[in-house]
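Visitor: Mind docking chain R on chain P? Use the hints.
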Amino acid sequence: TQLLEQSPQFLSIQEGENLTVYCNSSSVFSSLQWYRQEPGEGPVLLVTVVTGGEVKKLKRLTFQFGDARKDSSLHITAAQPGDTGLYLCAGEGYSSASKIIFGSGTRLSIRP
Amino acid sequence: ETGVTQTPRHLVMGMTNKKSLKCEQHLGHNAMYWYKQSAKKPLELMFVYNFKEQTENNSVPSRFSPECPNSSHLFLHLHTLQPEDSALYLCASSQDSGTGYTFGSGTRLTVV
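Just so you know, the sequences run in chain order P and R.
Take the first sequence: its letters are residues 195 to 306, numbered as in our numbering.
Take the second sequence: its letters are residues 2 to 113, numbered as in our numbering.
Pulled out of the complex, with its shape left as it was, chain P reads as follows:
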């Protein structure tokens, strides 16, 4: 069974600080996605990474896909209160029957 572990589960930091959250698995994925979910809403896709070692930037957010395609990280620079939310990673396998599996998420709180 494929599993995606996210760490930390909870993170509360001061506005302006930097942070990194991690998504790890023993399985290899063809692609990996990151989502942000705010209370009372559905997850919103932030980025998809497909190439081992790939780095993508979205303003203050930097996403990296591991060389072995088993893990990923999300780094936020100078966190803002608007970054608060549940961050979910999701991985897709290689076969046509593969389902996207989700990690349990990192709940991030940015204090003003």
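Hint data in this document are derived by calculation from the structure and do not stem from the laboratory.
Treat each hint with caution, since some may be false.
[To be verified] With a straight-line Cα cutoff of 25 Å, these simulated DMTMM-like cross-link-like pairs (lysine to aspartate or glutamate) come out: (1) P:K264 / P:E235; (2) R:K42 / P:D265; (3) R:K37 / P:E199; (4) P:K253 / P:E235; (5) R:K37 / P:E232; (6) R:K42 / P:E232; (7) P:K293 / R:E68; (8) R:K23 / P:E235; (9) R:K42 / P:E199; (10) P:K264 / R:E45; (11) P:K293 / R:E45; (12) R:K20 / P:E235; (13) R:K41 / P:D265; (14) R:K41 / P:E235; (15) P:K293 / P:D277; (16) R:K19 / R:E45; (17) R:K42 / P:D277; (18) R:K41 / P:E199; (19) R:K37 / R:E57; (20) P:K253 / P:D265; (21) P:K293 / R:E25; (22) R:K20 / R:D86; (23) R:K41 / P:D277; (24) P:K293 / R:E54; (25) R:K41 / P:E232; (26) P:K293 / R:D86; (27) P:K293 / R:E57; (28) R:K37 / R:E85; (29) P:K251 / P:E209; (30) R:K23 / P:E232; (31) R:K37 / P:E209; (32) R:K42 / P:E235.
In this text, all values refer to a predicted model and were calculated from it rather than measured experimentally.
Guide: Quick look at chain R alone, frame taken from chain P:
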């Protein structure tokens, strides 16, 4: 506006009631999904439809019954639910594998 609309947003039902959740997407996507999100657990895939055909039934109890009349609409019919079925039910759609999902805002279901 996420492109995927779910109704109702909130639903409280007794264990003997019958209700239906509705999902609608006008993104031209060919796949639609039902997910269950419970506290402190990863998103659980329930059903997958590709071009209106059900391709996945992830060992979901028969008290949940999906219906996909066309590629834009998806329903989840509920009957004789249990209190442990209380959760956020999310609908999502996608076009191709590896491109990520577009989620609706969810229906917050409470079974009393």
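Visitor: For each hint, tell me whether it holds in the structure or not.
Guide: Going down the list of hints, with the structure as the test:
no.	hint	result
1	P:K264 / P:E235	28 Å, violated
2	R:K42 / P:D265	20 Å, holds
3	R:K37 / P:E199	18 Å, holds
4	P:K253 / P:E235	22 Å, holds
5	R:K37 / P:E232	16 Å, holds
6	R:K42 / P:E232	16 Å, holds
7	P:K293 / R:E68	20 Å, holds
8	R:K23 / P:E235	16 Å, holds
9	R:K42 / P:E199	11 Å, holds
10	P:K264 / R:E45	21 Å, holds
11	P:K293 / R:E45	11 Å, holds
12	R:K20 / P:E235	21 Å, holds
13	R:K41 / P:D265	21 Å, holds
14	R:K41 / P:E235	16 Å, holds
15	P:K293 / P:D277	28 Å, violated
16	R:K19 / R:E45	22 Å, holds
17	R:K42 / P:D277	22 Å, holds
18	R:K41 / P:E199	13 Å, holds
19	R:K37 / R:E57	14 Å, holds
20	P:K253 / P:D265	22 Å, holds
21	P:K293 / R:E25	22 Å, holds
22	R:K20 / R:D86	13 Å, holds
23	R:K41 / P:D277	20 Å, holds
24	P:K293 / R:E54	16 Å, holds
25	R:K41 / P:E232	15 Å, holds
26	P:K293 / R:D86	23 Å, holds
27	P:K293 / R:E57	9 Å, holds
28	R:K37 / R:E85	12 Å, holds
29	P:K251 / P:E209	20 Å, holds
30	R:K23 / P:E232	21 Å, holds
31	R:K37 / P:E209	32 Å, violated
32	R:K42 / P:E235	16 Å, holds
In this structure, the earlier hints numbered 1, 15 and 31 are contradicted, and the remaining ones agree with it.
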